[in-house]
Amino acid sequence: MSNEPILIEARGVEVAFAGHTVLSGGDVTVRAGEIVTLIGPNGAGKTTLVRVMLGLVRPSAGTVTRKKGLSIGYMPQRLGIDPALPITVKRFMQLGAPSGLHTQDYENVLQEVGAAHVINQPMQGVSGGEMQRVLLARALLRKPDLLVLDEPVQGVDLTGQAELYRLVQSIREQRRVGVLMVSHDLHVVMAQTDHVICLNRHVCCAGHPHAVSRHPEFVALFGDEVASTLAVYAHHHDHEHALDGHVHGEHCDHD
48 MSNEPILIEA
58 RGVEVAFAGH
68 TVLSGGDVTV
78 RAGEIVTLIG
88 PNGAGKTTLV
98 RVMLGLVRPS
108 AGTVTRKKGL
118 SIGYMPQRLG
128 IDPALPITVK
138 RFMQLGAPSG
148 LHTQDYENVL
158 QEVGAAHVIN
168 QPMQGVSGGE
178 MQRVLLARAL
188 LRKPDLLVLD
198 EPVQGVDLTG
208 QAELYRLVQS
218 IREQRRVGVL
228 MVSHDLHVVM
238 AQTDHVICLN
248 RHVCCAGHPH
258 AVSRHPEFVA
268 LFGDEVASTL
278 AVYAHHHDHE
288 HALDGHVHGE
298 HCDHD
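Take any residue in the sequence shown, note its place counting from 1, add 47, and you have its number in our numbering.
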């Protein structure tokens, strides 16, 4: 068990719309300096659970506990910008930003995510990868304790996806923030996260990525081929992981 403080914790979250249950038994804990990723098929309840944890959706049952004074930086799944609305990256970042920030603050955070060159460009003119970096920079403006990233590599090519995940890792290490992420990209996620929670309207399985990739419910959801590929991708093993990540055995070579 990590000694890092708990930033946010959901227990027994259930959500029903019009009498139809879309999520039950949602349990998530995110600690400082930890990356926790929610995976699962479309409609599995991932974004719903995140919205409950952000306080945007009231659960039908269950509780969400946040560290006192918790600051959250949120990176949404989609951003719709009217092509007829001329707005620069800097102006976009200023919308809803904390008061008292200066141009240097925006430059610094864009520099941190590798997007300083787009600060004066129109939002409509940036690439998919640049857009995701701008959204990440905007989330960092609040100096968050917790980053919530909903499909952070959406619309980005494979090379850009790997770069963005490495960037998230770097931010976690430099800032010691907790990260709660939603993602469909199983291969990269399994290599880049500390704790995986697999949802399909309920928590199918949760724990260390390697252990989750071998769990029967994960295999049933994604198939034997995907599960076996992920097991090899994440580690070369001569031991077993328990679901909590503890090792049974002596030796492990990580890729």
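Bear in mind the hints are in silico, worked out from the structure with no lab data behind them.
There may be inaccurate statements among the hints.
[Stated by the list, open to error] With a straight-line Cα cutoff of 30 Å, these simulated DSS-like cross-link-like pairs (lysine-lysine) come out: (1) K114 - K190; (2) K137 - K190; (3) K190 - K115.
[As the list claims (entries may be wrong)] Quick list of simulated restraints, FRET-style, between CB atoms: (4) H67 - N155: 43 to 51 Å; (5) A163 - V69: 37 to 45 Å; (6) D204 - E56: 34 to 42 Å; (7) T68 - A131: 37 to 45 Å; (8) L142 - P52: 43 to 51 Å; (9) K115 - N50: 42 to 50 Å; (10) L205 - T112: 36 to 44 Å; (11) I128 - E154: 19 to 27 Å; (12) E220 - A63: 36 to 44 Å; (13) E220 - D129: 32 to 40 Å; (14) Q141 - F64: 13 to 21 Å; (15) S217 - L103: 22 to 30 Å.
By construction, the Cβ of each residue, glycine as well, lies at the ideal position given by its N, Cα and C atoms.
Going through the hints against the structure:
1. In summary, the hint linking K114 to K190 is supported, as the alpha carbons are separated by about 15 Å, within the 30 Å threshold.
2. At most 30 Å may separate the alpha-carbon atoms for a hinted pair to count; K137 and K190 meet this at roughly 17 Å.
3. Our distance criterion of 30 Å between C-alpha atoms is met by K190 and K115, whose separation comes to about 15 Å.
4. At roughly 46 Å, the beta carbons of H67 and N155 sit within the given window of 43 to 51 Å.
5. At about 41 Å, the beta-carbon gap between A163 and V69 stays in the expected band of 37 to 45 Å.
6. For D204 and E56, the hinted distance range of 34 to 42 Å is satisfied, since their beta carbons lie about 35 Å from each other.
7. Restraint check, T68 to A131: a C-beta distance of roughly 41 Å satisfies the suggested window 37 to 45 Å.
8. For L142 and P52, the Cβ-Cβ distance of about 31 Å falls outside the hinted range of 43 to 51 Å, so the restraint is violated.
9. At about 19 Å, the CB distance of K115 to N50 disagrees with the hint of 42 to 50 Å.
10. Restraint check, L205 to T112: a C-beta distance of roughly 37 Å satisfies the suggested window 36 to 44 Å.
11. For the pair I128 and E154, the beta carbons lie near 21 Å from each other, so the given range of 19 to 27 Å is met.
12. Distance hint check: the CB atoms of E220 and A63 are about 39 Å apart, consistent with the given range 36 to 44 Å.
13. At roughly 37 Å, the beta carbons of E220 and D129 sit within the given window of 32 to 40 Å.
14. The hinted window of 13 to 21 Å between Q141 and F64 is violated, with their beta carbons roughly 35 Å apart.
15. Look at S217 against L103: about 28 Å separates their beta carbons, and that is inside 22 to 30 Å.
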